[in-house]
Amino acid sequence: MVTAAAAYAVAAGTPDPELPLLTVADLGILRAVEVTADAVCIVITPTYSGCPAMHEISADIRRRLARAGVARVTVETRLSPAWTSDWITPDGRRKLREAGIAPPSPTSFALLTPGKRRGGPVPLTLGPPAPVPCPRCGSSRTRRTAGFGATACKSLHRCDACDEPFEAVKPL
Amino acid sequence: MTSSTCDAGALARYCLALGDDALIYSHRLQQQVTRMPELEEETAIANIALDLLGQARMLLARAGAILGQTEDQLAFFRAEKDFRNVRLAEHADGDFAELTGRLLIFSAWRLALFTELSAAPDPVLAAIAAKGVPELTYHRDYAAQWVVRLGDGTDFSHDRMQRALATLWPLTGELFRPDPGALVSVDPGAVDAVIDMVLAAAGLDRPDAVPPAAGTGRNGVHTEAMGDILAELQSVARAYPDATW
Chain D
490 MVTAAAAYAV AAGTPDPELP LLTVADLGIL RAVEVTADAV CIVITPTYSG
540 CPAMHEISAD IRRRLARAGV ARVTVETRLS PAWTSDWITP DGRRKLREAG
590 IAPPSPTSFA LLTPGKRRGG PVPLTLGPPA PVPCPRCGSS RTRRTAGFGA
640 TACKSLHRCD ACDEPFEAVK PL
Chain S
296 MTSSTCDAGA LARYCLALGD DALIYSHRLQ QQVTRMPELE EETAIANIAL
346 DLLGQARMLL ARAGAILGQT EDQLAFFRAE KDFRNVRLAE HADGDFAELT
396 GRLLIFSAWR LALFTELSAA PDPVLAAIAA KGVPELTYHR DYAAQWVVRL
446 GDGTDFSHDR MQRALATLWP LTGELFRPDP GALVSVDPGA VDAVIDMVLA
496 AAGLDRPDAV PPAAGTGRNG VHTEAMGDIL AELQSVARAY PDATW
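Chains as they are written, first to last, in this note's numbering: chain D, 490 to 661; chain S, 296 to 540.
Chain D extracted, bound-state conformation (with noise of 0.2 Å):
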């Protein structure tokens, strides 16, 4: 049988079908691999409730163990605790900024964890939202066009000092 490590190190390859340049390590949504006896099982948590590649990446994820010799797979989807950007690991965001994608910001989401009330209601945001640096020039004079992208987890930006517009990957 193979050994958590091993069935680890092929799953972590399991690109997201959404921002190919990441892994599901990358992202932080690979979350832990169990061995037992006859069955390995891998555990992965949603970035986004709706995140319609979750399906997707648990069939790729089978696939690639079927190929290093593991036939007994199963991939369960575990909510708890809810995934953040945070877990972006630093090696995700430095390929987010060299494909053009801005990382999210730390999240104000992290501390929420369940079973745990927050402190205090969530608020509201009316004004325009912090400049997030642009991932090509550096610059802070960037401005958000648009709160929701091309997929659940990106926003849509221009950057004023090298005037292109960039995609960012929202703090959640």
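There may be inaccurate statements among the hints.
As the list claims (entries may be wrong) - Sample of chain D residues facing chain S (criterion: CB under 7 Å; computed from the structure):
#: 1; residue: W576
#: 2; residue: T614
#: 3; residue: A635
These aren't lab readings, by the way, just hints derived from the structure by calculation. All C-beta atoms in this analysis are idealised placements derived from N, C-alpha and C, irrespective of residue type, glycine included.
Given chain D, work out where chain S should sit, using these hints.
Relative to the frame of chain D, chain S by itself:
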């Protein structure tokens, strides 16, 4: 609510109600895709609809695990009277002002509810709620910013926004009615405070309170619109019950 008084049946019924809110609201938003004023708004409402559909799936799956049914059986093979969504979820938005106004009210209420539910005794429901909180925060901020832009825009956009609030207001009372099936309660004052802050920034008047209608969606009594929604939502699954996807 403590875990000792939270029996499985009550948990299933409440997950179903919250799941139905999201499923029906999501369907209404999906119907508006391709009809938005700008491409950015298309992506926004498509994303919001997707988030809500994801919440609906997890909540219906949680209810179904207790009831012995799949999420698809619950979504596609229940009759109208068995749906438990609030009527606000089924409203057909007549224009973009109604769409953003309704989204502000719904997401402000649901965000307050999910914030409370993230401490629910059932760990699955608590996790679904915790996952939903940041999503609903983005939905609420998006809606609030549009309500301000329209309310504080031209005379024309202001009037349209004010008219939209008048249309939506009779549907808001149901959100704060005492609900014996609810596992948590939301402080109406906290939700009102958010909405009032937006209305103040937008220069809009809060409509007068309207006496609530006799029936409620939580009891399976829906508006006329619900039949059309379910016909569209369910017809393919009912015509081909063995289909897989």
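Worksheet item: Which earlier hints turn out false for this structure, listed by number in ascending order?
Response: 1
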